[in-house]
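**Student:** Order-wise, the sequence lines are chains A and B.
Just so we're aligned: 139 in this note's numbering is position 139 of the first sequence, and the numbers increase by one with no gaps anywhere.
Just so we're aligned: 67 in this note's numbering is position 67 of the second sequence, and the numbers increase by one with no gaps anywhere.
Since the hints were made in silico from the structure, they are not lab data.
Please note that the accuracy of each hint is not assured.
Claimed, not checked - Derived list of chain A stretches under chain B, where covered just means 3 residues or more per stretch with a C-beta under 8 Å from a C-beta of chain B:
1. 81-92
2. 396-406
Stated by the list, open to error - Cut-off 30 Å, straight-line C-alpha distance, at most; resulting in silico cross-link-like pairs (DSS-like, lysine-lysine):
3. A:Lys312 with B:Lys275
4. B:Lys175 with B:Lys69
5. B:Lys175 with B:Lys275
6. A:Lys312 with B:Lys69
7. B:Lys175 with A:Lys133
Think of the CB as a built atom: it goes at the ideal place given N, C-alpha and C, for glycine as much as any other residue.
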Amino acid sequence: MDCLILGAGPGGYVAALRAAQLGRSVTLVEKGSVGGVCLNEGCIPSKHLCRFAWAKASAERFATSGMPAFAGQPDMAAFQKSRAAAVRTLVKGVAGLLEAAGVKVVSGQARFVGRTRVCVEIGEESVRYFDFKDVVIATGSRALELEALPFDGDRVVEPSRALEWDEVPATLLVAGDDYIALEIAVAWARLGSAVTLAGSGERLLPDFDQDLSAAALRGARGAGVEVVLSSEPSSLRSKAERVVVSAGRRPNVDGLDLHAAGLAPLATPFKVDTQMRLDRHVFAIGDVTDGLQLAHRAMMQGRVVGDVLGGKAGAFDSRAIPRAVFAEPEIAAAGLTEAEALARGLEVTVGRFPLAALGRAVIESSTAGFAKLVFAKDGGALLGAHLAGPRSTELIAEMALAIEMGATADDLALTVHAHPTFAESLMEAAEVSLGRPIHIRPPRR
Amino acid sequence: MARYEFRLPDIGEGLAEAEVAKWLVAIGDHVSEDQPVVEMMTDKATVELPAPGTGVILEQLVSEGDVVKTGSVLYVLETDAKISAAGSEAAVHAPREEPQAATPAAADSAGVLAPPAVRKLARELGIDLASVKGSGPGGRISAEDVKRHTAGAGPPAVEAPPVAGQRVKLRGVHKRMAETMALSAHTIAHVTGFHDLDAGAFAELAARLRRDAEGKGRRFPFDTLLVRAAAMALRRHPIFNSSLEVERSEIVMHEDVNVGVATATPDGLIVPVVKNADKLDMDALAAAVDRVTSEAREGRASVSDLQGGTFTISNTGAWRGGHGTSLIKPPEVAIAAFGRIEERPVVRDGKLVGRLMMPMSVTFDHRIIDGEQGLKFALTLRELIEDPAQLGD
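Model the full structure from these sequences, guided by the hints.
**Tutor:** Shown next as structure tokens:
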């Protein structure tokens, strides 16, 4: 065999498709369903739930304009059917693409039994051996539990399970301060649960810009979430009917027997080079590698490794990996925060534009957010963008492109943005950084 | 006993660093003065560095494969000898520098202002974007900047495809050959003319001179006569003994006639140079050709013998070569290539006869030499070879 890819998540299946496109013969091993955690129990179903909850919140924003409030409880059983159907549609789509590309999909759990050979356990009894020239480890990650709050599969669960409930829990404790915890807390609160979000740190979204953490806190409270910070989440468990723990994720490498592949001992997450290489013929992508554990990062790495396997000069050199948080308000970031830029010794100019000064935000009663752009000093390139407000998760794409292109504040300020849209906030923030804002008063000199 | 730190001396004009090719002795070994201790490989040649005095090797501070800068300490010698830093006073006092591993090509371009498509282009061309000057606002690099850089800076070191197969690191002589030839192909407007030379008399002369030399216990390389012919032709056509400085838009007409002799070595192509080839008598010329080509083949050419060429000849006769084109060695502007002398059917006075013929090709840089000049030079070479009495003996 030619190329073996372990794991059919967003990293693995993209790598398989690209490598096959470039003429490699590819076998993809997956123990679950193609699409991996992202499609089956992560991004897709969780955003489905967030959007579902947001539909209700969104109607409420127009209550003062005369829109009647939603009557009654959402039908969660119907939602779960629709969620499962959406997942099925997408899994079928990926499976169809793999088949059309001639990628062979093998169901089972793989482990190395040599430098160029894996053993795939298919079911309980049967095993098959595969020899490969190149192998890509794309086995993803799984949820970590807290010592004080171990998963019990029922009352205390990992985030994926919290997307499957067909009843709104009366009371819910969400332990965690990351974007997963925040999204679940806000969604279930909107759907009618009494939610407590308990973080052990001093702020929500600790790895985001400070201002975004503050916006997330205000937004969660506005959505009815009780937020408790600097706490010991397990002390609050007795209050809640259900408990969700989001404590980070751990690479799935235990069962791989890397030693047999001649790789051990390697620290996880793996540190790979720009071609995603661990060893001459061993590559790793996605959550098993060092960096942000995000599906779209894995997908890009999958394309890169596919290119490399196909003999192209592929390299993972993204300057900005966007992060999107589907809470209230939506929060998104790409590139460096002001603090990170300063820590790297860069001199920066920051432009911050509040949504309160934006027509579209006033119409939608969503004036709590802002756009905060970090530029290299003296007309330099955009280094980072930090957005809070409706559709931030879409707007961040323009910011990621701007960072990749080396766009300056002038480039953004001189690009016409449609009116009235939330995207205007980006142009306005660029103008602020240049000291010539139109729609807010210039800072006093 | 005293400790003497042996530093990498200046081993050639303009060479700031060299690679440690091989340690010839181990730590603890006793070495005598002038015994080779370490073999260094530069872009151009392999050089053995002899011990400056008798003593014991205490430490080796660099490893094989390290690229070290001039002035770096290579090893420490414990010695009684009073070692004068003859000629390398500056080197001895140069600040110590750590050995540097060869930098991987274009791995980390983070921080360079260039859009993704341009970064991809640079990857494909094997260019480190940090070395490209951006023409956009704030130094933003465009695709045009990268292409301009390629045109100016020559050889694209194409990223190795990650396919199976044995890999051989391109370095030293081999790497230099790759870079020089790519630069040549990228920048020079090559035009080649082919000629069949009636070389019976030439072959006879060469054989006679060889017999004479061997009678005196000396060697007489065949290339000697080709170098002599080239040197004489160059004197008559000085434009062929020039180089082009593009940045200054100037042609430099060289005063010395230094003829390089393309020499195949196990490490790759190398071109040792016979200096002032036009001023040496036949015996001296033969000795010079013999010395520089032998040393080059044995991988011990001195750096000075590899520099300063103004023209190159390439003789493939020994390998039964026929007609072929050549790449000019920048900054030279021409090269002449010769194939094997063989008996061929030709027409003389209306009759088909067998004659000893030699294929010759003359390749010149059409940026500065026009077709007529090119042909005239080739005709001069032809006349000299077909009527070798003019070459003297």
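**Student:** Hint by hint, work out which the structure violates, then give me just those numbers in ascending order.
**Tutor:** 1, 3, 6
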